[in-house]
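Residue numbers (this note's numbering), protein chains in the order written: chain A, 1 to 162; chain B, 1 to 419.
There could be a bad hint or two in this list.
Only pairs whose alpha carbons sit at most 16 Å apart, straight line, appear in this in silico EDC-like list of lysine to aspartate or glutamate [what the hints assert, rightly or not]:
{"no.": "1", "chain 1": "B", "residue 1": "K29", "chain 2": "B", "residue 2": "E19"}
{"no.": "2", "chain 1": "B", "residue 1": "K252", "chain 2": "B", "residue 2": "E97"}
{"no.": "3", "chain 1": "B", "residue 1": "K172", "chain 2": "B", "residue 2": "E128"}
{"no.": "4", "chain 1": "A", "residue 1": "K81", "chain 2": "A", "residue 2": "D52"}
{"no.": "5", "chain 1": "B", "residue 1": "K416", "chain 2": "A", "residue 2": "E10"}
{"no.": "6", "chain 1": "B", "residue 1": "K386", "chain 2": "A", "residue 2": "E62"}
{"no.": "7", "chain 1": "B", "residue 1": "K222", "chain 2": "B", "residue 2": "D312"}
{"no.": "8", "chain 1": "B", "residue 1": "K416", "chain 2": "A", "residue 2": "D14"}
{"no.": "9", "chain 1": "B", "residue 1": "K197", "chain 2": "B", "residue 2": "D167"}
In silico negatives: residues of chain B with every beta carbon more than 10 Å from chain A [said to hold, decoys possible]:
{"no.": "10", "residue": "T62"}
{"no.": "11", "residue": "A70"}
{"no.": "12", "residue": "K88"}
{"no.": "13", "residue": "E128"}
{"no.": "14", "residue": "E149"}
{"no.": "15", "residue": "I154"}
{"no.": "16", "residue": "K252"}
{"no.": "17", "residue": "E257"}
{"no.": "18", "residue": "T273"}
{"no.": "19", "residue": "I278"}
{"no.": "20", "residue": "N280"}
{"no.": "21", "residue": "M332"}
{"no.": "22", "residue": "G334"}
{"no.": "23", "residue": "F385"}
Keep in mind that the hints were calculated from the coordinates and are not lab data. A virtual CB, placed ideally from N, CA and C, is assigned to each residue, including glycine.
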Amino acid sequence: MSDPKSLYQEVILDHNRKPRNYGELAQATHKAEGHNPLCGDHLSVALNLEGDHIASIAFHGESCAICKASASMMTANVKGKTRQDAETLIQEFRDMATGQIDVEKQPHHLGRLTVFAGVRDLPTRVKCAILPWHTLHAALHSVADTSTESENDPMHAPIGDA
Amino acid sequence: MSASLSALKPRSVPALDVERIRADFPILKLRPGGKPLVYLDNAASSQMPQQVIDRLVRYQTTQHANIHRAVHTLSEIATAEYEEARRKLARFINAREEREVIFTSGTTEAINLVMHGHGRKFICAGDEIILTTLEHHSNIVPWQMLAEEKGARIRVVPINDAGELLDGEYEKLFSERTRLVGVTHVSNALGTVNPVKQMIAYARARGVPVLVDGAQAAPHLKVDVQDLDCDFYAFSGHKLCGPTGIGVLYGKAALLERMQPFKGGGDMILSVTFEKTIYNVIPQKFEAGTPPIAAAIGLGAAVDYLSAIGMDAIAAHEHKLLDYATAQLARMPGVRIIGTAGAKAAVLSFALEGVHPHDVGTLLNQDGVAVRTGHHCAQPVMQRFKVPATSRASFAFYNTMAEVDALVAGIRNVQKVFS
Numbered sequence: 001m002s003d004p005k006s007l008y009q010e011v012i013l014d015h016n017r018k019p020r021n022y023g024e025l026a027q028a029t030h031k032a033e034g035h036n037p038l039c040g041d042h043l044s045v046a047l048n049l050e051g052d053h054i055a056s057i058a059f060h061g062e063s064c065a066i067c068k069a070s071a072s073m074m075t076a077n078v079k080g081k082t083r084q085d086a087e088t089l090i091q092e093f094r095d096m097a098t099g100q101i102d103v104e105k106q107p108h109h110l111g112r113l114t115v116f117a118g119v120r121d122l123p124t125r126v127k128c129a130i131l132p133w134h135t136l137h138a139a140l141h142s143v144a145d146t147s148t149e150s151e152n153d154p155m156h157a158p159i160g161d162a
Numbered sequence: 001m002s003a004s005l006s007a008l009k010p011r012s013v014p015a016l017d018v019e020r021i022r023a024d025f026p027i028l029k030l031r032p033g034g035k036p037l038v039y040l041d042n043a044a045s046s047q048m049p050q051q052v053i054d055r056l057v058r059y060q061t062t063q064h065a066n067i068h069r070a071v072h073t074l075s076e077i078a079t080a081e082y083e084e085a086r087r088k089l090a091r092f093i094n095a096r097e098e099r100e101v102i103f104t105s106g107t108t109e110a111i112n113l114v115m116h117g118h119g120r121k122f123i124c125a126g127d128e129i130i131l132t133t134l135e136h137h138s139n140i141v142p143w144q145m146l147a148e149e150k151g152a153r154i155r156v157v158p159i160n161d162a163g164e165l166l167d168g169e170y171e172k173l174f175s176e177r178t179r180l181v182g183v184t185h186v187s188n189a190l191g192t193v194n195p196v197k198q199m200i201a202y203a204r205a206r207g208v209p210v211l212v213d214g215a216q217a218a219p220h221l222k223v224d225v226q227d228l229d230c231d232f233y234a235f236s237g238h239k240l241c242g243p244t245g246i247g248v249l250y251g252k253a254a255l256l257e258r259m260q261p262f263k264g265g266g267d268m269i270l271s272v273t274f275e276k277t278i279y280n281v282i283p284q285k286f287e288a289g290t291p292p293i294a295a296a297i298g299l300g301a302a303v304d305y306l307s308a309i310g311m312d313a314i315a316a317h318e319h320k321l322l323d324y325a326t327a328q329l330a331r332m333p334g335v336r337i338i339g340t341a342g343a344k345a346a347v348l349s350f351a352l353e354g355v356h357p358h359d360v361g362t363l364l365n366q367d368g369v370a371v372r373t374g375h376h377c378a379q380p381v382m383q384r385f386k387v388p389a390t391s392r393a394s395f396a397f398y399n400t401m402a403e404v405d406a407l408v409a410g411i412r413n414v415q416k417v418f419s
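Pulled out of the complex, with its shape left as it was, chain B reads as follows (with noise of 0.2 Å):
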């Protein structure tokens, strides 16, 4: 089952000028151990640019209040620039409407909101789940949990030996029994694109909700949920050149207005007496509590500086920036690139042969490379590749050439000690 490539390989867009962009994020200028940072851990999280940073000490240096409640001038400015974040956001990702966007602490959360607020009103004993083996435990745990809880089935889309969902047997997990979909638009893992929006269509086709897990994607393509036609979408700001402890998760309205809350207090509420409390409308009913009004508010300036440079050409310049770092490795002898999919995005794992990956990140990092090792919460996916972890280099569009040769040029030397 491959993705459609016409998704990720935009129409001719203009070239980045990368060293202008990398001008932006004062981290870059970092050099560690007095060697340039190269800066390949951005599947974990992403660096912030000056334009996200500036904003952020303007709202608190000039309109910080809490939102939503005093009728005095900061706090309306405030609220104004905290909807506005929700606007802009909702625009980000093509949302027919701003209350479909609910600020969360991040995906982890948005998932577990939709695991709360619907999973436990609506997925009864017997009923299934289907997730596919290439989900970040944040979209398996919260799933097992609710299945305990409530006697549900969790089945699961076996991949390929390149990555990829196996064909036809999505199709197959299908029953009068499934009651939702959960996958991941890009794995975290491996960087393989899945095909969600034929996945969604199969669902929705038999009146299933599908949650696309979107923290890989959001970042690296261009997200346009009324095209999917997903019923959930999650993501986070973090790997979005935002802070963290924002994310967002989409919704179609109609299911969220169905939906319970997931936590209660102030905010999410009409009204209050000991004996009944009526709940605010959809997105309040999701924000209980003070939500990080500065944090959404650098999510909202982040996506303006995203879509200024334009999705396309970030989408284009990583795959450049891919197609060459794979092209590299696989060069290489005694290197094992895990995760070979037709259709992938921005994501390069990777083993060493008799080198453990975590003894190939410390080494990287000292020669100023920072990549991730583990398992990559994803314990699935090394289970069905025989791993126990890998080394993952993953790329953002402030990336260049020359950070991949430092790259291939740390791997040579950690082979050189190992040898």
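If we strip away everything but chain A, and leave its shape as in the complex, we get (with noise of 0.2 Å):
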């Protein structure tokens, strides 16, 4: 089991108190509202597709740290990349977080997406970081609205422990 300290590194601590890409989108194509009735966490992902990729995204709510940062580093990943990669990071995101995938042995496209590897030590913590990823899913499929909980929810089924 890895130090769980070091979920709060330095680059989440920093998005945190700066998060990227944060504030509403005019005119967005795609947006999605995500929240957490477990512990009160919600955030909203707007984005503007142009062709197959996401020209601009953005993100605002209410979250703990660990939400937020994980927020601001997947607006900043996914910007200007395509539908299919940012399907692709958050397939792998998630499948981090619930631990179905070791980071350090198997091949990804995280990148320093891996700071959040150590939530899967932390089954009442895997939502938190999760939550903008599932939000953003709902909004590339123009789902309206998404919650950790919802059986609506397309990214639902099974999220490890958490």
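From the two separate chains plus the hints, produce the assembled complex.
Below, the structure written as structure tokens:
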């Protein structure tokens, strides 16, 4: 079990203090609201798809540091990427957070997002890290609302012990 | 509206020998992550002393059989022990009669029992139920379900900025349609001790029965249901150093007898034909099926343990812890104490400026300090204070001043990480 302290690394604290792409997005083509009823976290993700590319993306909401930093790094990572690449990252991030892939041994495209790998040892916090990604997925599929508890959530299916 | 402090500040009682008490609790020897466990989540669930663990083992290894059924010796022993546990619980809350103590799975089931057994029988369209802002969801949701089913109405006593029920507002909510008052004795989210005795007197003078949610009160102060004169009093075993899956609904015998059963099944009947079933007398009428026998006996041992220490001494020690912790946190910049009622018990809810409670909880956990973070199943309280959640330290008689210091050091560390 890795040191859970590693979760609160400087990069995460920095993104929490100064979240990137934070705010509203005028005339978004896609958006979704996400919330975690267990802890009251909620955030919205809005983006503009130009062709198949995410031309711009923004998020805002109220959440813990893990959720906010995850959202901030997510937006920075998927901006400019294709929808397919974003979906790949969503899947890989989810697999990392739920311990289904070991980012040190298996191939992935997560880059610095691996700072969130430690969350797999904190089952109650997995949802905090995943919520922005759920919401992005919902936005890309134009699902109006997503929730870590909702059965309508397209990614509700197995998310580990969280 | 503030509760009488005399109920909380007991007469001079001998100080607890906390180190000796701690030796009774094997789990307190744990060192999660190499650091001593500082368990400050007692409002969620308390820990179990060896005496209760031993009692469970003795029951399971030498006394177990089903109760109220067979004529064989083991069944007779198990039945006697189970009923002895009921006697202990009746004494613990000073019930008039043992049959006024109904074993339930916990406070939630006890409240649901009152809702189904009393509420569904006696509350009709247009009737009103008075609750308070301080209620736990388990004393809100059952009444909403009933209100929806019957077309009844829920009225809510508001609170002030300290987390106390607003003076005079409770009385104003009464009307000729008031049929029940549901009030928590001690707020689980804020620690506020409500002036339940006065509230009960006011309601009873108008013929309105009162259900007291005692989940947070029973572990921390001496409960006397005859002195309170409440109609129903509900509490849980696992917050009282007992096992999970067991709790108590106290009800006045006359009321319980008029109520309809909540669950149907074995043990709650006198005779069954397909034409007609005759229900058993109380308390069996409300204990359908095989109850959690071991858990009930374990809870009996738990209240023996607490009574031997003395609820007055327990309350006095916890007050010292609360006062000390409150003074420490009040001095810390960036810390906001949520819930500053004049009368409080063993709960300290707080918010750190700029830090979400979940991050507080995770970081404190790394220092071995276990607190609860979240809305504490009391979302109306969170909405009143305009916070999504709080961090909550809740004390038991086995906690020490040094553990309060560990909490304070842990909070400083959280602030450093987020500075």
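Hint-by-hint comparison with the structure:
Taken as a hint, the B:K29 and B:E19 pair is honoured in the structure, with Cα atoms around 12 Å apart against an allowance of 16 Å. With a CA separation close to 9 Å, the supplied pair B:K252 and B:E97 stays within the 16 Å bound. A hinted pair counts as satisfied when its Cα atoms are at most 16 Å apart, and B:K172 with B:E128 qualifies at roughly 13 Å. Under the criterion of a C-alpha separation no larger than 16 Å, the hint pairing A:K81 with A:D52 is consistent with the structure, at around 8 Å.
Under the criterion of a C-alpha separation no larger than 16 Å, the hint pairing B:K416 with A:E10 is consistent with the structure, at around 12 Å. The suggested pairing of B:K386 with A:E62 holds, with an alpha-carbon distance near 12 Å, which does not exceed 16 Å. A C-alpha spacing of about 7 Å is found between B:K222 and B:D312, which places the hinted pair at or below 16 Å, so the restraint holds. Between B:K416 and A:D14, the direct Cα distance comes to roughly 14 Å. Compliance with the 16 Å bound is thereby established for this hinted pair.
Taking the CA atoms of B:K197 and B:D167, the gap is about 15 Å. The hint holds against a cut of 16 Å. The Cβ of B:T62 lies farther than 10 Å from every Cβ of chain A, with a closest approach of about 37 Å, so its non-interface assignment holds. Distance check on B:A70: its Cβ is at least 42 Å (rounded) from any Cβ of chain A, clearing the 10 Å threshold; non-interface status holds. Chain A leaves B:K88 outside its interface by the beta-carbon criterion, the shortest separation being 36 Å against a cut-off of 10 Å.
Non-interface call for B:E128 relative to chain A: holds, since the shortest CB-CB distance, roughly 29 Å, exceeds 10 Å. Consistency note on B:E149: stated as away from chain A, and its beta-carbon is indeed over 10 Å from all of that chain's, at 24 Å minimum. Under the 10 Å C-beta cut-off, the non-interface status given to B:I154 relative to chain A holds; the minimum distance is some 22 Å. Every CB of chain A lies more than 10 Å from the CB of B:K252, the least distance being 38 Å, so the non-interface label holds.
With 10 Å as the threshold on Cβ separation, the claim that B:E257 sits away from chain A holds: the shortest Cβ distance comes to roughly 40 Å. At roughly 43 Å from the closest C-beta of chain A, the C-beta of B:T273 stays outside 10 Å, upholding its exclusion from the interface. No Cβ of chain A approaches the Cβ of B:I278 within 10 Å, the least distance being about 43 Å, so the stated non-interface status holds. Listed as a non-interface residue, B:N280 keeps its Cβ farther than 10 Å from every Cβ of chain A; the least gap is roughly 40 Å.
The claim that B:M332 lies off the interface holds: its Cβ sits roughly 20 Å from the closest Cβ of chain A, which is beyond the 10 Å cut-off. Distance to chain A confirms B:G334 as a non-interface residue, since its nearest Cβ pair spans about 15 Å, more than 10 Å. Here B:F385 stays apart from chain A, with its beta-carbon at least about 13 Å from theirs, past the 10 Å limit.
Hint violations for this structure: none, all hints satisfied.
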